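> The residues making up each chain are set out below.
Number of protein chains: 2
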Amino acid sequence: MKIGFIGLGNMGKPMAENLASGSHSVSGYDISGEIPDAVVKCDSIAKCVNNADIVITMLPSGEILKKVAADAIKGMKDKSILLDCSTVDVESSREVAIISKNMGIGALDAPVSGGVGGAEAGTLTFMVGGEQSDFNKAKELFDIMGQKSVLCGPSGSGQSAKICNNMILGATMIATCEAFALADKLNLSREKMYDVVSTSSGYSWSMNAYCPAPGVGPKSPSDNNYIPGFSAQLMLKDLKLSQQAAKLADADTPIGAKATELYRQFVEDENSGNQDFSAMLKRFEKRKHSH
Amino acid sequence: MKIGFIGLGNMGKPMAENLASGSHSVSGYDISGEIPDAVVKCDSIAKCVNNADIVITMLPSGEILKKVAADAIKGMKDKSILLDCSTVDVESSREVAIISKNMGIGALDAPVSGGVGGAEAGTLTFMVGGEQSDFNKAKELFDIMGQKSVLCGPSGSGQSAKICNNMILGATMIATCEAFALADKLNLSREKMYDVVSTSSGYSWSMNAYCPAPGVGPKSPSDNNYIPGFSAQLMLKDLKLSQQAAKLADADTPIGAKATELYRQFVEDENSGNQDFSAMLKRFEKRKHSH
Chain A
7 MKIGFIGLGN
17 MGKPMAENLA
27 SGSHSVSGYD
37 ISGEIPDAVV
47 KCDSIAKCVN
57 NADIVITMLP
67 SGEILKKVAA
77 DAIKGMKDKS
87 ILLDCSTVDV
97 ESSREVAIIS
107 KNMGIGALDA
117 PVSGGVGGAE
127 AGTLTFMVGG
137 EQSDFNKAKE
147 LFDIMGQKSV
157 LCGPSGSGQS
167 AKICNNMILG
177 ATMIATCEAF
187 ALADKLNLSR
197 EKMYDVVSTS
207 SGYSWSMNAY
217 CPAPGVGPKS
227 PSDNNYIPGF
237 SAQLMLKDLK
247 LSQQAAKLAD
257 ADTPIGAKAT
267 ELYRQFVEDE
277 NSGNQDFSAM
287 LKRFEKRKHS
297 H
Chain B
7 MKIGFIGLGN
17 MGKPMAENLA
27 SGSHSVSGYD
37 ISGEIPDAVV
47 KCDSIAKCVN
57 NADIVITMLP
67 SGEILKKVAA
77 DAIKGMKDKS
87 ILLDCSTVDV
97 ESSREVAIIS
107 KNMGIGALDA
117 PVSGGVGGAE
127 AGTLTFMVGG
137 EQSDFNKAKE
147 LFDIMGQKSV
157 LCGPSGSGQS
167 AKICNNMILG
177 ATMIATCEAF
187 ALADKLNLSR
197 EKMYDVVSTS
207 SGYSWSMNAY
217 CPAPGVGPKS
227 PSDNNYIPGF
237 SAQLMLKDLK
247 LSQQAAKLAD
257 ADTPIGAKAT
267 ELYRQFVEDE
277 NSGNQDFSAM
287 LKRFEKRKHS
297 H
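Chains as they are written, first to last, in this note's numbering: chain A, 7 to 297; chain B, 7 to 297.
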């Protein structure tokens, strides 16, 4: 397949490199002009998408996606597919899909989980929205860039699944951090806390796979001075997207809203956005400072 | 062993029956006067604890525990053990342990998880605080009444572990319910939501083992019209205990506090205390009604 790849940042670069190391021809465009060696460098979006079977975008926001997609769609050939792997708001994602389809182009939203490590190792998970036939065509690319891809429903469903998952994740991580800090103050050891909770009804990915307490549970960013991993600012971005979607859909998400507020404080007021999102534990190790 | 059992309600009754069906002699006292056939009926605490090796209490609150323990300790023999299986506040639990030890009596706090079903089946989990030697003596009783017992640390540690676990549980259940309701409004199917989240970083006991969405995931109270299981009012009780402990220990638990507020509304304002705690999903299926 001939692939155009737009947006070769921390995530897009290793994804494009993995595709290029297969049997696919990959052309790349990035606003920075920096393109990895394995990818054919293009100096415009028009050249990047020209004659491509699938155009992949990996961009930081819905606004940027809409601008880039408008340019890309103009140059894409009939029945090609626009595969957006960005994490953006559900509305922007749906808009791009509608415009694509009106132009005879397939559209998939396929945000990922797994971070830069997963992008480099080719072990990402793709949560996908769009039509089954387009998903089937893109499947072999998902299999190169990742280890799992799930078609969740029509356009926007990939974004919806990701923000629902990450809203739960953000809230559960904070609750887990609060509980560790409470346990400290009650003289319950962190090791015992982990032993009990990880095998009881409080278990979760945050506790069992990504324990925020250093030295407890399997190896995680807490054991590496909270170097991400998944940064607090990216968690905040996803939580904000969940709250934007909830507002538009008239959904009540009080715990999600509280988690968003707490990560906003952590990122903006405490300037901790570059730390792993599990570093939230450090906030609670202090005395209480907000209620 | 000769066992005295005080408090033979929904939980205590099956626990005492399981002990009596073994090779132990069980004397029982309950304020209601109702004692199961397998247990020797006593008409006072003094008679119930007379010459017992271990006295087990299963009571609804710290206040009641303190009164009952004061009576019981007076009549207990030297080097016997007071084994409290109630879920109460950490402070009351520690007070009872101190008084017991001053009288030459061992003390264990051993709140359970597993509910009435676990009590009847003998599959409870005991989270235990106290001394190793006392734990060792009580171990054979834990093994009859349950399938797991963990010594978490000194007196009060069992209560601490339980409230930390259940604070995480309450918050995670609400976040999971919010996410299902948001998914509904974004037209993401519940089945797909379960498929993605239960195998991604949003997984938890609330999602994977006790899914609040009827017909999704393994069988749970949501599939039985939200008949408990674990009632919302018991979840509220445990969340209040977590907040009481947090206040005394000067711990900051904003997500735990929000979860407590939401279960308080659900139990008190919406009169839903007798429903399973996963019925919180029904609150979010409605339009939003508080922020």
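Hints in this document: simulated from the structure, not taken from any laboratory. Quick caveat, the model's predicted, so the values are computed rather than measured. A portion of the hints provided could be inaccurate.
Within a straight-line C-alpha distance of at most 20 Å, the following computed SDA-like cross-link-like pairs (lysine to any residue) qualify [to be verified]:
id, chain 1, residue 1, chain 2, residue 2
1, B, Lys246, A, Lys253
2, A, Lys191, B, Glu97
3, B, Lys191, A, Leu254
4, A, Lys292, B, Asp190
5, B, Lys191, A, Gln250
6, A, Lys191, B, Lys198
7, A, Lys288, B, Glu97
8, A, Lys288, B, Lys253
9, B, Lys191, A, Lys191
10, B, Lys288, A, Ala255
11, B, Lys191, A, Met7
12, A, Lys253, B, Asp190
13, A, Lys288, B, Ala263
14, B, Lys198, A, Asn230
Just the calculated beta-carbon pair ranges, DEER-fashion [to be verified]:
id, chain 1, residue 1, chain 2, residue 2, range
15, B, Pro224, A, Ser27, 37 to 47 Å
16, B, Gln138, A, Gly221, 20 to 30 Å
17, A, Gly221, B, Lys253, 21 to 31 Å
18, B, Lys246, A, Ser67, 37 to 47 Å
19, B, Gln250, A, Thr205, 41 to 51 Å
20, A, Gly221, B, Glu40, 27 to 37 Å
21, B, Glu291, A, Asp229, 33 to 43 Å
22, B, Lys246, A, Asp275, 24 to 34 Å
23, A, Leu254, B, Asn16, 39 to 49 Å
The beta-carbon is built from N, C-alpha and C at its ideal position, and this holds for glycine as well.
> Run every hint past the structure and note whether it holds.
Checked hints:
1. Lys246/B x Lys253/A: Distance ~30 Å between Lys246/B and Lys253/A Cα, so the pair is violated.
2. Lys191/A x Glu97/B: Holds, at roughly 13 Å.
3. Lys191/B x Leu254/A: 9 Å, holds
4. Lys292/A x Asp190/B: The hint is violated at about 38 Å.
5. Lys191/B x Gln250/A: 13 Å, holds
6. Lys191/A x Lys198/B: 40 Å, violated
7. Lys288/A x Glu97/B: Violated: Lys288/A and Glu97/B sit about 26 Å apart, past 20 Å.
8. Lys288/A x Lys253/B: The given pair, whose Cα atoms are some 19 Å apart, holds under the 20 Å limit.
9. Lys191/B x Lys191/A: 41 Å, violated
10. Lys288/B x Ala255/A: Holds. Lys288/B to Ala255/A sits at ~17 Å (cutoff 20 Å).
11. Lys191/B x Met7/A: Between Lys191/B and Met7/A the Cα gap is close to 37 Å, so the pair fails against 20 Å, i.e. violated.
12. Lys253/A x Asp190/B: 14 Å, holds
13. Lys288/A x Ala263/B: 19 Å, holds
14. Lys198/B x Asn230/A: 34 Å, violated
15. Pro224/B x Ser27/A: 37 to 47 Å: With a Cβ separation near 41 Å, Pro224/B and Ser27/A satisfy 37 to 47 Å, so the hint holds.
16. Gln138/B x Gly221/A: 20 to 30 Å: 23 Å, holds
17. Gly221/A x Lys253/B: 21 to 31 Å: Because 28 Å falls inside the window, the suggested range holds.
18. Lys246/B x Ser67/A: 37 to 47 Å: Roughly 42 Å apart at Cβ, these two residues keep to the hinted range, so it holds.
19. Gln250/B x Thr205/A: 41 to 51 Å: Between Gln250/B and Thr205/A, where Cβ atoms are some 26 Å apart, the hint is violated.
20. Gly221/A x Glu40/B: 27 to 37 Å: 50 Å, violated
21. Glu291/B x Asp229/A: 33 to 43 Å: 40 Å, holds
22. Lys246/B x Asp275/A: 24 to 34 Å: 29 Å Cβ-Cβ, so the 24 to 34 Å window holds.
23. Leu254/A x Asn16/B: 39 to 49 Å: For Asn16/B against Leu254/A, whose Cβ atoms are near 45 Å apart, the range 39 to 49 Å holds.
Comparing the model with each earlier hint shows violations of hints 1, 4, 6, 7, 9, 11, 14, 19 and 20; every other hint is respected.
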